[in-house]
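K.L.:
Whenever a hint applies, use it, and build me the whole structure from the sequences.
Top line first, the protein sequences correspond to chains C and X.
Residues in the first sequence are numbered from 1 upward in steps of one, following our numbering.
Residues in the second sequence are numbered from 1 upward in steps of one, following our numbering.
A couple of the hints might just be wrong.
Simulated restraints, written as ranges between beta carbons of each label pair [to be verified]:
(1) X:Gly-103 x C:Glu-19: 27 to 37 Å
(2) X:Pro-27 x C:Thr-3: 36 to 46 Å
(3) C:Val-52 x X:His-57: 16 to 26 Å
(4) C:His-119 x X:Gly-150: 51 to 61 Å
(5) X:Asp-163 x C:Gly-41: 46 to 56 Å
(6) C:Lys-115 x X:Pro-68: 50 to 60 Å
(7) C:Thr-141 x X:Glu-83: 17 to 27 Å
Output of the computed footprint for chain C on chain X, the stretches with three or more beta carbons under 8 Å from beta carbons of chain C [said to hold, decoys possible]:
(8) 63-73
(9) 84-93
Hints listed in this document are in silico derivations from the structure and should not be mistaken for laboratory results.
Note that the coordinates shown come from a computational prediction; the quantities given were computed from them, not determined experimentally.
Note that beta-carbon positions come from the ideal geometry of N, C-alpha and C, so glycine has one too.
Number of protein chains: 2
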Amino acid sequence: MLTTQQLRDAQTQARQYLERAGIVLTPEESMNIEVADFGLGELETTGLELVVYVNTHRVCAKELVLFPRQTCPEHRHPPIGDEPGKEETFRCRWGTVYLYVEGEPTVNPAARVPKGREHAYTVWHEIVLRPGQQYTIPPNTLHWFQADDGGAIVSEFSTRSRDEFDIFTDPQIRRSTVVE
Amino acid sequence: MLTTQQLRDAQTQARQYLERAGIVLTPEESMNIEVADFGLGELETTGLELVVYVNTHRVCAKELVLFPRQTCPEHRHPPIGDEPGKEETFRCRWGTVYLYVEGEPTVNPAARVPKGREHAYTVWHEIVLRPGQQYTIPPNTLHWFQADDGGAIVSEFSTRSRDEFDIFTDPQIRRSTVVE
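P.N.:
What follows is the structure in structure tokens.
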């Protein structure tokens, strides 16, 4: 759960990040930046700020803002009906992001798991993305990501986004944000 | 046909546009900016500079650079096999772009058709895109676009890109660029 004040503060901060990176939003987009706390109420460590540009049956594009050390928690996008799961390409636009996917665990990874949530982070193959660098995550692959101490902006290019089908490793997580 | 010098000059200019807009490329992307003259050899009026970020079987994302009054000529993306045609969302990042699609023709449109090519421009429903503004073009819909006097940068979010299937109104057009 987020308070109205927390929501507004996160939106203001996200607007500043996007502006600094030269990413222009319409006034409407700017007023409606989505703030996701994943139901944990620990936005500073587990959270994400999003601008969804387009989400049709076939294509989705978003900007993702991560504040310093903010983490998008581990999840995967399963197949739905006849469709394979969501395929995502993350392209770093500003800052540095540590992305973790299935594969050989990285020795001395750079991210720090949010305290008390260690059980919910199981994949440790690290990919470091700096501006201009990108990585494509195949459908149904566990992944999570965190900004470094300076925050980050990531463009996401993907197939249709249906957050309600995402499967998070942490059973406490709820994808819909509730504002009190 | 493009000369090597024309190709290099267009790449240099496109790099300057992208840099000015704060869009960061990897050194490899920067060296390999695609320059399309659509086989007409009139790059100044009919042409496009592209950086393809990703193009999988499901999703494609690109940056498009248009120099002042440069035009991407009229075409459509037809269905291929079981797939509907390519669906494209154009989001203006920098500058101003005039986009034309099927529909009620606009009185006094802002674009100027490349001289001698008037026969190849048949749709005149105008959409003006300024930074932050975007438009989604349904599959198999005729469209073309031109930057205003200051040039433009447009992000394209789409389904899979298969340029070789595009159908151009101008029968002289060849999508593959030949460099002599």
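K.L.:
For every hint, state whether the structure bears it out.
P.N.:
Status of the hints after comparison with the structure:
Take Gly-103 (chain X) and Glu-19 (chain C): their Cβ atoms lie about 34 Å apart, and the range 27 to 37 Å holds. Taking 36 to 46 Å as the suggested C-beta distance range, the pair Pro-27 (chain X) and Thr-3 (chain C) conforms, at roughly 45 Å. For the hinted restraint 16 to 26 Å between Val-52 (chain C) and His-57 (chain X), the CB-CB distance of approximately 23 Å keeps it satisfied. At roughly 54 Å, the beta-carbon separation of His-119 (chain C) and Gly-150 (chain X) lies within the given 51 to 61 Å, and the hint holds.
Between Asp-163 (chain X) and Gly-41 (chain C) the beta carbons are some 48 Å apart, a value that agrees with the proposed interval 46 to 56 Å. The hinted range of 50 to 60 Å is satisfied by Lys-115 (chain C) and Pro-68 (chain X), whose Cβ atoms lie roughly 54 Å apart. Remark: the range hint 17 to 27 Å for Thr-141 (chain C) to Glu-83 (chain X) is upheld by a beta-carbon distance near 24 Å. Counting residues of the stretch 63-73 of chain X whose CB lies closer than 8 Å to any CB of chain C gives 0, so the stated coverage by that chain is violated, three being the minimum.
Coverage of the stretch 84-93 of chain X by chain C holds. Counting CB-CB distances below 8 Å, 4 residues qualify, and the rule asks for three or more.
In summary, the structure is inconsistent with hint 8 from the numbered list given earlier, while agreeing with all the others.
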